[in-house]
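Chemist: Put chains R and B on the given structure of chain S with help from the hints.
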Amino acid sequence: MAAKPKANLHALPELKNTSDDSIALYLKSKGWKQNHTLTDVRLVLGFSAVIIAGGTFYYDYTLGFDKTKVMTLYAVIAYFVANIILTWWIWGMESGKVYVGSKDGVTITISSHTEKHSPIYHLKIVSRSPGQRPTTTEVESPFTSWFDTQGFLVEKPFMTFISNSIPSMAATTPEGQHLKSKPKPKSTKKA
Amino acid sequence: MDALGLSKLRHLKPRQLLSQVLNFALILSTAFMLWKGLSVATDSPSPIVVVLSGSMEPAFQRGDLLFLWNRNLELDSPPTPGTRVGEIVVYNVIGKDIPIVHRVVRKHQGPKTPLHLLTKGDNNHADDTELYARGRWYLDREKEVIGSVVGYVPFVGYVTIMLSEHPWMKTALLGIMGLLVIVQRE
Amino acid sequence: MHSTLVRAQNVFGFLTTVAFFVAGLVALSSLLYPADVNVDVIGTNNVKIAKGRAHQYYTSKVQEYAVLYFDLEADLSSLFNWNTKQVFAYVSATYPGSKYTDNEIVIWDTILPSRSASKLILKNERAKYSINDITGKFAGRDNVTLSFHWNVQPHVGRLTWGAVGLTKGVKFPGVERPGGKKEAAK
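Protein chains in written order, with full-length UniProt numbering: chain S, 1 to 191; chain R, 1 to 186; chain B, 1 to 186.
These are calculated hints, taken from the structure and not from any lab test.
Please note that the accuracy of each hint is not assured.
Claimed, not checked - Dumping the calculated DMTMM-like pairs for lysine to aspartate or glutamate here, alpha-carbon to alpha-carbon at most 25 Å:
#1 B:K99 to R:E142
#2 R:K170 to S:D60
#3 R:K143 to B:D102
#4 B:K119 to B:D36
#5 R:K143 to B:D133
#6 B:K137 to R:E130
#7 B:K128 to B:D102
#8 S:K124 to S:D20
#9 B:K85 to R:E57
#10 B:K85 to R:E130
#11 R:K112 to B:D133
#12 B:K128 to R:E130
#13 B:K61 to B:D133
#14 B:K99 to B:D133
What the hints assert, rightly or not - If the Cβ cut is set under 8 Å, some of the chain R residues that face chain B in the computed set are:
#15 S55
#16 P58
#17 V105
#18 Y152
#19 P154
Nothing here was measured: the structure is a model prediction, and the numbers come from that model.
Where is the CB? At the ideal position from N, CA and C, for every residue including glycine.
Isolated chain S (complex conformation) (with noise of 0.2 Å):
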């Protein structure tokens, strides 16, 4: 990595998103292709509200109000009606989604989440293998397990505790080894 990933640990936000764009950086290097197909719909639903509003802009700007209100009234519509649409997908379909990936037929999906005041980093790890039932795994850590005083991220407790998370990884990996802090599990699930 050219720039060792920093954060400001009085801003809990910044630490989760620091933590939530080394996972994939992490997962990249060993052999995960991460599946974007989340942040794509969204980034074309946004756009499409914004040049909808751009196109509305110029219109009224060039041909005045009375002209344009009619076509004004059906792209305030659409705008809305597409901001809708982007809601649902960001709450619905991406809901804390910070990783999709595969590797060797196995699919995982990540979601994370923090609570506010609290400094734990929350994973939810689904695992889909094919022929199997998809697992659950939930697990947490506090960010000081990986974070030094400075707010720099640490590779290695970091990569640990996913590579650990992670069912198909946690068996193979090497890192397992030299854990200092352990990942507890929450919960397993079979879901």
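Modeler: Frame of chain S; chains R and B shown alone:
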């Protein structure tokens, strides 16, 4: 530069960068489309205006915010009361660019003539004939009036007076807002 | 530094929200005070027609003016509640015509700043504004009626209007001419 967090932008991958740009664009476009929605609903090109002069004091002071409504004109639907004397209208004289908020003191209308209005500021001694286009004694309701005042919020619009009187503040504010939205992630 | 900014942002956001809700409640509270305006007397007396220069700008056109005296007794105290900034009270004259069939002009108005000034007693009051028509003709007009109106200006919220007391229509005489003959408007 790093204090502003710009160095972080360089580490973003294309999709993340696009997401940040989208967040910013959505804030701007949503504000604009809400304005346009209100505009279409009230049928007024400018449904909210800021009072710029003291000619309607003590009712309105500089910086007060006015909400306009431009439907139910007598022209549209005769049975419902449209523009009547005593209403406060906002008009843009053809060829002049400053919206004026004054009270209607006369109206004259016929089946074949447009609704003519004469306006006057409560705080002014003379009526507005002087402000109208040269040679015109009355306003044309349909062409010149952009709405009639229905709602009032004091003082809130003073920010826009400050911004338009000191243009550098506008640039600075836009810049700071843009930067915050791009740099910050929720 | 960062958290100070975030905190300032949160405090500002909170204050804005509180101000917004308080303003909304104050605006809604106006609905609790129904208007109950008493108008005891409204009447026209002593009408006549004079000819003279237009009081409007850009012209020295000689046209007909109506001279009118009226009586009014009204109690507007019920319009004053904690969300009343001022009441604008006015008397208007409504009259028909041939080309312009629908005419209404304000002949007298006043601003009532407080409840203590909310009782109006006018005896044989002369119209405050000149009474002339868009066509320049006023002599012989029939069916001129007076009505009394008010506009409540709130501290925040919706502006409201009310009106009572359409008088019986009066007929204006023709123009007094030196020869004593009368000339009626067409």
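Chemist: Just pull the numbers of the violated hints for me, sorted ascending.
Modeler: As far as the earlier hints go, 10, 15 are violated by this structure, in ascending order.
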